[in-house]
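Construct the complete structure from the given sequences, taking the supplied hints into account.
As a plain string of letters, each chain reads:
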Amino acid sequence: MAAAAAAAAVRGRRFKWSLDLGAAPGGRPRGAAEGRGPLGFADRQLGEGGVHESDKILMEKRCWDVALAPLKQIPMNLFIMYMAGNTISIFPAMMVCMMGWRPLQALMSLSATLKALESSSRRALQGLVFLVGNGLGLALALYKCQAMGLLPTRPSDWLAFVTPPQRMEFTGGGLIL
Amino acid sequence: MAAGPGPLAGLLFLGLLLPLLLPLAAAVYEDQVGKFDWRQQYVGKLKFASLEASQGSKKLVVATEENVVAALNSRSGEILWRHVDKGTAEGTIDAMLIHGQDAVSVSNGGRILRSWETNIGGLNWETSLDTGSFQAAALVGLQDTVKYVAVLKKAALSLHYLSNGHQKWVEHLPESENTQYQLLYSHGTGVIHVLGIVSQSHLNILTFSAEDGEITKQVRVAAPWLQSLEHTCGVVGEAVLVCVDTHSLHVCSLETEHEMKQIPLQSLELEFTDDFQARILATQPSVTSASRTQFFLQLSPSHFSLLQYKHGLLSHLRDFQQAALVSFATTGEKTVAAVLTCRSELKPGSADGLHAGSTLEEAWRQDSLTCSNQTYNINLYLVETGQRLLDTTITFSLEKGGAKPQQLYIQVFLKKDDSVGYRALVQTEDHMLIFLQQPGKVVWSREESLAEVVSLEMVDLPLTGAQAELEGEFGKKADGLLGMFLKRLSSQLILLQAWTAHLWKMFYDARKPRSQIKNEINIDNLARDEFNLQKMMVMVTASGKLFGIESSSGTILWKQYLRNVRPGSSFKLMVQRTTAHFPHPPQCTLLVKDKETKMSFLYVFNPIFGKRSQVAPPVLKRPILQTLLLPIMDQDYAKVLLLIDDEYKVTAFPATKNVLRQLEEIAHSIYFYLVDAEQGKLSGFRLKKDLTTEESWEVVIPPEVQRIVAVKGKRSNEHVHSQGRVMGDRSVLYKSLNPNLLAVVTESTDTHHERTFIGIYLIDGVTGRIIHSSVQKKAKGPVHMVHSENWVVYQYWNTKARRNEFTVLELYEGTEQYNATAFSSLDRPILPQVLQQSYIFPSAISAMEATITERGITSRHLLIGLPSGAILSLPKALLDPRRPEIPTEQSREENLIPYSPDVQIHAERFINYNQTISRMRGIYTAPSGLESTCLVVVYGLDIFQTRVYPSKQFDVLKDDYDYVLISSVLFGLVFATMITKRLAQVKLLNRAWR
Numbered sequence: 001m002a003a004a005a006a007a008a009a010v011r012g013r014r015f016k017w018s019l020d021l022g023a024a025p026g027g028r029p030r031g032a033a034e035g036r037g038p039l040g041f042a043d044r045q046l047g048e049g050g051v052h053e054s055d056k057i058l059m060e061k062r063c064w065d066v067a068l069a070p071l072k073q074i075p076m077n078l079f080i081m082y083m084a085g086n087t088i089s090i091f092p093a094m095m096v097c098m099m100g101w102r103p104l105q106a107l108m109s110l111s112a113t114l115k116a117l118e119s120s121s122r123r124a125l126q127g128l129v130f131l132v133g134n135g136l137g138l139a140l141a142l143y144k145c146q147a148m149g150l151l152p153t154r155p156s157d158w159l160a161f162v163t164p165p166q167r168m169e170f171t172g173g174g175l176i177l
Numbered sequence: 001m002a003a004g005p006g007p008l009a010g011l012l013f014l015g016l017l018l019p020l021l022l023p024l025a026a027a028v029y030e031d032q033v034g035k036f037d038w039r040q041q042y043v044g045k046l047k048f049a050s051l052e053a054s055q056g057s058k059k060l061v062v063a064t065e066e067n068v069v070a071a072l073n074s075r076s077g078e079i080l081w082r083h084v085d086k087g088t089a090e091g092t093i094d095a096m097l098i099h100g101q102d103a104v105s106v107s108n109g110g111r112i113l114r115s116w117e118t119n120i121g122g123l124n125w126e127t128s129l130d131t132g133s134f135q136a137a138a139l140v141g142l143q144d145t146v147k148y149v150a151v152l153k154k155a156a157l158s159l160h161y162l163s164n165g166h167q168k169w170v171e172h173l174p175e176s177e178n179t180q181y182q183l184l185y186s187h188g189t190g191v192i193h194v195l196g197i198v199s200q201s202h203l204n205i206l207t208f209s210a211e212d213g214e215i216t217k218q219v220r221v222a223a224p225w226l227q228s229l230e231h232t233c234g235v236v237g238e239a240v241l242v243c244v245d246t247h248s249l250h251v252c253s254l255e256t257e258h259e260m261k262q263i264p265l266q267s268l269e270l271e272f273t274d275d276f277q278a279r280i281l282a283t284q285p286s287v288t289s290a291s292r293t294q295f296f297l298q299l300s301p302s303h304f305s306l307l308q309y310k311h312g313l314l315s316h317l318r319d320f321q322q323a324a325l326v327s328f329a330t331t332g333e334k335t336v337a338a339v340l341t342c343r344s345e346l347k348p349g350s351a352d353g354l355h356a357g358s359t360l361e362e363a364w365r366q367d368s369l370t371c372s373n374q375t376y377n378i379n380l381y382l383v384e385t386g387q388r389l390l391d392t393t394i395t396f397s398l399e400k401g402g403a404k405p406q407q408l409y410i411q412v413f414l415k416k417d418d419s420v421g422y423r424a425l426v427q428t429e430d431h432m433l434i435f436l437q438q439p440g441k442v443v444w445s446r447e448e449s450l451a452e453v454v455s456l457e458m459v460d461l462p463l464t465g466a467q468a469e470l471e472g473e474f475g476k477k478a479d480g481l482l483g484m485f486l487k488r489l490s491s492q493l494i495l496l497q498a499w500t501a502h503l504w505k506m507f508y509d510a511r512k513p514r515s516q517i518k519n520e521i522n523i524d525n526l527a528r529d530e531f532n533l534q535k536m537m538v539m540v541t542a543s544g545k546l547f548g549i550e551s552s553s554g555t556i557l558w559k560q561y562l563r564n565v566r567p568g569s570s571f572k573l574m575v576q577r578t579t580a581h582f583p584h585p586p587q588c589t590l591l592v593k594d595k596e597t598k599m600s601f602l603y604v605f606n607p608i609f610g611k612r613s614q615v616a617p618p619v620l621k622r623p624i625l626q627t628l629l630l631p632i633m634d635q636d637y638a639k640v641l642l643l644i645d646d647e648y649k650v651t652a653f654p655a656t657k658n659v660l661r662q663l664e665e666i667a668h669s670i671y672f673y674l675v676d677a678e679q680g681k682l683s684g685f686r687l688k689k690d691l692t693t694e695e696s697w698e699v700v701i702p703p704e705v706q707r708i709v710a711v712k713g714k715r716s717n718e719h720v721h722s723q724g725r726v727m728g729d730r731s732v733l734y735k736s737l738n739p740n741l742l743a744v745v746t747e748s749t750d751t752h753h754e755r756t757f758i759g760i761y762l763i764d765g766v767t768g769r770i771i772h773s774s775v776q777k778k779a780k781g782p783v784h785m786v787h788s789e790n791w792v793v794y795q796y797w798n799t800k801a802r803r804n805e806f807t808v809l810e811l812y813e814g815t816e817q818y819n820a821t822a823f824s825s826l827d828r829p830i831l832p833q834v835l836q837q838s839y840i841f842p843s844a845i846s847a848m849e850a851t852i853t854e855r856g857i858t859s860r861h862l863l864i865g866l867p868s869g870a871i872l873s874l875p876k877a878l879l880d881p882r883r884p885e886i887p888t889e890q891s892r893e894e895n896l897i898p899y900s901p902d903v904q905i906h907a908e909r910f911i912n913y914n915q916t917i918s919r920m921r922g923i924y925t926a927p928s929g930l931e932s933t934c935l936v937v938v939y940g941l942d943i944f945q946t947r948v949y950p951s952k953q954f955d956v957l958k959d960d961y962d963y964v965l966i967s968s969v970l971f972g973l974v975f976a977t978m979i980t981k982r983l984a985q986v987k988l989l990n991r992a993w994r
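From first to last, the protein sequence lines are chains A and B. Position 52 of the first sequence, counting from 1, maps to 52 under the UniProt record's numbering, and the rest follow consecutively. Position 785 of the second sequence, counting from 1, maps to 785 under the UniProt record's numbering, and the rest follow consecutively.
Treat the hints as calculated values from the structure; they're not laboratory data. Note that the structure is a prediction, hence the values are computed from the model and not measured. Everything hinted at is true.
Straight-line alpha carbon distances no greater than 25 angstroms define the calculated DMTMM-like cross-link-like pairs of lysine to aspartate or glutamate that follow: (1) Lys639/B - Glu169/A; (2) Lys876/B - Asp157/A; (3) Lys689/B - Glu169/A; (4) Lys35/B - Asp959/B; (5) Lys649/B - Glu169/A; (6) Lys714/B - Glu169/A; (7) Lys712/B - Glu169/A; (8) Lys688/B - Glu647/B; (9) Lys681/B - Glu169/A; (10) Lys688/B - Glu169/A; (11) Lys735/B - Glu169/A.
Computed footprint of chain B on chain A; a stretch qualifies when at least three of its residues, placed anywhere within it, have a C-beta under 8 angstroms from a C-beta of chain B: (12) 142-155; (13) 168-174.
Now the in silico label distances, taken between C-beta atoms and shown as ranges: (14) Pro152/A - Gln679/B: 52 to 62 angstroms; (15) Ser900/B - Ala69/A: 51 to 61 angstroms; (16) Thr888/B - Met168/A: 34 to 44 angstroms; (17) Val986/B - Ile90/A: 29 to 39 angstroms; (18) Val974/B - Gln105/A: 23 to 33 angstroms; (19) Asp962/B - Met168/A: 49 to 59 angstroms.
The beta-carbon is built from N, C-alpha and C at its ideal position, and this holds for glycine as well.
Structure representation (structure tokens):
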């Protein structure tokens, strides 16, 4: 093991870099055109095959990550929801707002996300998954709002707008004067 | 288990805390006292008055029909002290006698004798007497000192010490079954004469010894022409009885003679008028000396004669024609007669009566003599000679078309130069007291009829001139583009002018010290304020006098006396047109119905200025049973008033074609209900197109078992903002808001405490359907009730538990509304749910009313007048039948207070702090322009006006709101933002350069 390490060090030392102090000042390095080139210059062409394949997989994976992110958030959200409780106070309200706002924001920037997914081959599916995930997040936020009583879904919420019924008869009178 | 007591304790704590927190809403800060409220105190119509006979005296002691004994400051007319007795017959003051610093009053039909210290109003002593109807009381003197007070009852005469009220003796009167003992006389000789009469037969003259009560003499004098001693007889000189017959005077000495001597009046060249019972007015300056030999003889309502009977000789001193009132007064040795005469001629009735065509007026005309220009003179005459005293004329005028003087009291004093000076207290028919000084200066006046307010309405004040100008722009017909434009320009100019004037006034006032700025309110500068908190109170009093009182200060701005209103009439005041319809003036209509003749008339007037309206009201030929003010208007924006008469025919006022057409259209939806308490009958009538009615329903409550005591509908101007209540589970319990609902309260005729009961019926006024009825056993009246929104609160006496109780009824439709758009009583298949709860109240109450606000958003309070004179503002939330006995999660969600049977009286909830209101009779509430604020007027013997804020002042910044702090913080923040912005820019620039 020690021998192998030493060999690597020697090879590294040989190839890492060298500076030719004998080169004529002012002009271009003489051998640049032949083969030395600037630092980090690789003379041969980079191979297409193997590297390209692994990148594609990576790309796909990345796209899937983007698409699945909202779905992955849901268990966490559920946990927060459970912990926050149903009372209306500043922190649960803020949480619910964030929970609702994030999917909304994501949905609003849907086109940008889709552009990011453009490179993926299963773009449609990923888009759909992303959509569904955000939709679920939104639904969850709405459910939370409902549970907290923030949604005007009951008749009591519209009571203030109920107009008094119109009177059809007029009566008057009283004890005989 | 450990968690168990936690929430429960918290709940208990909450339950305790909530009622404790609520009273804060009603309390007044010290510096707010008198800022929004005022109180006026009254004594009522005078029965007895005594003015001290000295120039420097400061008080006059009065006893009134309202059972009040009081002393008034004679310089200002303010009340120095006042004692209010019971308002019932038990408190009636029968007589008041003044001796030195003591006032002796006999009250409760001669049962109670009291002596008051007149300087501070303290009670010297009080003693109760035996039963027996009271006849007369007199002070009895013995050799220059007044030591006793004698009280004459139907069958007994008793003598009491003036110093301590102890009884010296009581003697039974002989033949008291058929003899009416009416007169009591003594003149310091140690004997008391009691005169009794057997009608149209003879006089019984008893003479008692003041020392031991022994009857020393008993004489029977034949007098077959005599019916009553009151007014027709008087004692003059040394105990000489003078009586007047239709044609002659009869004279008899009480001590020596046994027969009446007849003196025909023709011998004095005096003429009697027919159908007038002549009267005699004698005077006794001091009870220890003999009466004056001079006396007044009233021959006709306006004809008096001053006569003298001396040494068996009758002489005529002076004749007074055109005299309205006469009075005697004495100072030192001088006795004078004061005569009040009309400056012009007195004449019966007046052609310029307030309304024509009323038969009432005809009936009333006979015994009314009016002075055409309402200017009167008072003159003093020396009684010995009948000579007029020079420079003793007081001339004063009363309002045109007003009341005539009714009582005259004179305060005479000797001036430094030994001449006679005097002041006069005049009480007019409309219970106004005027205190006059020579030569006719009104020192003060008091409107005592305000002690008997019977009806009250609050009317919005008119807009200011500038506002009215703007309003008028829309009221008139368009006259071209240019015309309208010019009009707009001119009105804007007027606004600018008003604004600059306002600014100038502010600037001018700011330089003056604050105490000098007076915002005097008079009829010319009346204008509505920004929030309509200042209104005109139109008050109708039992005497028939109307008042317009400005509500923020209590200033009387106008008064109008209706001369032909007899006492005991019933009144109904209605506002037909408010001030909202400029340029049409506001219009109020008063219906007056006479109790005896049953005839009624309408009086239409402008409530802001008190002027009689030009609109001619219909002549009512038949007695009116009830009225109905419809929400429909004629083209002049006057609401239509329907009057139903005893033939069940309807008269409309105003009765223009437009109105009749509208009435024809909606006649099918107009219903009347009439409640006849005597027959126990409730009946409903439907209006037909030809303005006749047909009976549509009838409910009979047998009057042998129970009698109807109160009927209450809902207030027509009431707005209910919320149509239901939100429950703990967020569903809605809809209120049953039936505008036609009547609450009828009955009391049992059987008043035995085991069998007595009260009944409550909720009846639909259109269909006669009984929606709810309940009988509360072992309960007794008087019942006070408030009916509003979907609830009825009533208070009664529980005879079993011996306590006052409240019961609240609330009506709900349930969680579904049957018809959310229209309410028709004819289409209500489902009866409402009735919830009920009762509470113990620690006090009796004398009046009750609910607060009312503009839009009905503010929570309601009940204003409860207590007999102690306080007004309690009780949140309606405390009287809520949904208060749970065991609080649950849901009830807590609803903020329901857990049920506790007793409602407590917290002194912080008194809206009148220490300004007690005596003998409260009613509470009137009116909405203001601010939703949070409700105006309250309480009337009884006193009048009190204030504002209440049932939900605190949520729409008003507090008085102590720190404008300076808030604005400085605001400016500071803006400034800080600007600076930091600049700093941030500099910093960024520096960083970029680095």
